[in-house]
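A.B. asks: Respectively, the protein sequence lines represent chains A and B.
Convert by adding 1290 to the 1-based position in the first sequence; the result is the number in the numbering used here.
Convert by adding 475 to the 1-based position in the second sequence; the result is the number in the numbering used here.
Fair warning: there could be bad hints in the mix.
Said to hold, decoys possible - SDA-like mimics (lysine to any residue), calculated; alpha carbons at most 25 Å apart, straight line:
#1 K614/B <-> P1414/A
#2 K598/B <-> P1414/A
#3 K665/B <-> Q1412/A
#4 K509/B <-> L1311/A
#5 K598/B <-> Q1412/A
#6 K859/B <-> R848/B
These aren't lab readings, by the way, just hints derived from the structure by calculation.
Chain residues, written in single-letter form:
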Amino acid sequence: MNNMKLNLFLLALALLAPTVLYPVFLAKVLCFALFACAFNLLLGFAGLLSFGHAAFLGTGGYVTGYLMINSGLTPEIAIILGTLAGGLLGAIFGKLAVKREGIYFAMVTLALAQLVFFFYLQAPFTNGEDGLQGVPRGALFGLIDLSNNMVMYYFVLTIFVAGYWLINRTVHSPFGQVLKAIRENEDRATSLGYDVNQYKWLAFVISAALAALAGSTKTLVFELASLTDVHWHMSGEVILMTLVGGVGTIFGPLLGAGFIVTMQNYLSGGEMGNYIHIIMGAVFVICVLSFRSGIVGQLMKFKRNNF
Amino acid sequence: MKKTNRTLLSAVVSGAIAATIACSAQATTDGQVKLGILADMGGTYADICGSGCVIAAEMAIEDFGGNVLGKPIEMVSADSQLKPDVASAIARKWVEDEGVDAIGGLVSSAVSGAVSKVNADSKNITLISGSASNTFTTKTCSPYNVHWTYNVVALANGTVKPMVQAGKKKWFFITADYSFGHALEGMASKVINENGGEVLGNVRAPLGTTDFSSYILQAQASGADVVALANAGNDTVNALKAAAEFGLTEQMDVAGLLVFTPNAQAMDPATAGGMRLTSGFYWDMDDETRQWSKRFEQRHGAIPSMIHAGVYSVTMHYLNAVKAAGTDDTDTVMKTMKATKPNDFFARNATLRPDGRMVHDMLYVEIKKKDERKDKNDIYKIIKVIPGDEAYSPMLPQCNFS
């Protein structure tokens, strides 16, 4: 019940926020929050550390961008196709990666993601370092013009809420319980008769598809798909977001994404611009050393101990 | 309980919708001139348009008097990190949320392309000083683009043509893999073919490559007369270093198609000496350039590259146009800018064409060998001045925004 109230409070906040803050910035926060939530589904609930999630974010972005520029499809179809493309890639990568565990799983996903990065770097339709520029936002269902930032923001919010709901639903379903069982003790889950690899694979595919959804949406918001989204830095950034917010919690990635994106946004201008990577590194080190459960995890611990 | 939740939800939603009646900002005509400078503060191009570009723009604002239309001129700056997505996000925030009128600096064609797209939509002026691709006044031309300093056409005409005519017929390219590199390679190949030469092959290296050895080996195996470096900044420096290590510089000619003074300074004179190239500006050309460059050097700690000088020149021209027009309305200012001939220490015999291309005299220079140099800033020997009309290609009819 408490969670429900908190959700409603956050939704109200999200609905009212663009009157005060710049809508494109908020839309960016939401895209990254969805990306981090998708990643958290894998790391926090199935215990799988993927180091190649940028590949899915980027694939969603490139597919959607390419379709919007070249095919004249409406944005919702382009987003769905981008999401499917990311899910398909995730299905292939997942099949290969879930055969390994721990650090090897991370290395396999990183290697595959690097393959994808160099593919997008060299493929003629991505325009190399330029990226796909000037992606039209189009009109939703052919009716609602998305070029207005406010309208775009509410569209992104709708997508985010849908994705967030799906993750929430997955986590609290019997499927989610099995994932947690696998995270806690894989051998025991196997001995109980669960096909562990199949469960991991499915979690991987859902996570990849949702990451691609975030990428597709981001491309429409910024009217641009670029190599930044497929670079391994992005895979690292999403880990940072999730860890700072609180891995394995529902709200953690949301808060983490908001925190990191805000930091990048407000520190990138002026004198501090040169030190942004140092500051982010320091935040990461402090987080890992002193509060491993992240901001939300720490708050929850505080609440448990004191109330 | 369920019911209260539902009423709560509907109250929230309707309240929010009532509160947010959309209003989006367009180009501002508020009489307040605000400039944005996007530069590369810590990347491959930091030496040629990093903090130096910000200083050059500051100098222009100070020299102008600091005020226009009765209000102080404001300036913001940011690090594009050479990423088009970062640049596009910053530009969007500047013009939509912070009332920026014009964005300058802009090194890397990928960054300029992204910013020019944003500005074309919101009707704000893009003052491109640092990028080379000619796309901003051809394929992706816009009434709000102003392209200063140089472009790939001028570089190809200036550097490649004399070499082909001197008998260097077979070429191989090491190209930076983004719009600038592709445009430069394409333009240079065209000039080579037109003058009876041939291109044997090319290899594309990502921006910011540090290890060029595999590319150099491919170039070495190609059997070309000239290996052309269609890249810039530290990429050129690193490529030339690798070329010298592999002995390539002794077997064939290496032509740096775009070399900036800070990079020429960083290269070993033993390998770079004698290399000929095209530049839009050289600090030691005459008294006017020396005077400005000394002032710049005092503040920046290094001699200016052509981009630094270009940023100063275009900022000055923009501010003069705002003053003459008496408004910061984009269309009026653009018209005034194109109607007045730019004329300062940088822009010689210059015109700003209706397509946004600033045509001015270019310099054909040679990098001095070690024994020819008086001090560390004595880098180029000017061979000849290339008149603007010879260096730049004519205007396309579809880009005539007069």
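A.B. asks: Given the proposed pairing of K598/B with Q1412/A, does the C-alpha separation stay at or below 25 Å?
C.D. replies: Answer violated: K598/B to Q1412/A is near 33 Å, above 25 Å.
A.B. asks: Would the pair K859/B and R848/B pass a check requiring their Cα atoms to be no farther apart than 25 Å?
C.D. replies: Within the cut-off at roughly 19 Å; holds.
A.B. asks: Holds or violated: are the alpha carbons of K509/B and L1311/A at most 25 Å from each other?
C.D. replies: This hinted pair holds, its Cα atoms lying about 21 Å apart.
A.B. asks: Do the alpha carbons of K665/B and Q1412/A lie within 25 Å of each other, as the hint requires?
C.D. replies: Holds, because 23 Å separates the two Cα atoms, which is no more than 25 Å.
A.B. asks: Would you check the hint for K598/B and P1414/A, treating anything up to 25 Å between C-alpha atoms as holding?
C.D. replies: Violated, at roughly 30 Å.
A.B. asks: Regarding the pair K614/B and P1414/A, is the alpha-carbon distance no greater than 25 Å?
C.D. replies: holds (18 Å)
Violated hints, in rising order: 2 and 5; the structure is consistent with all others.
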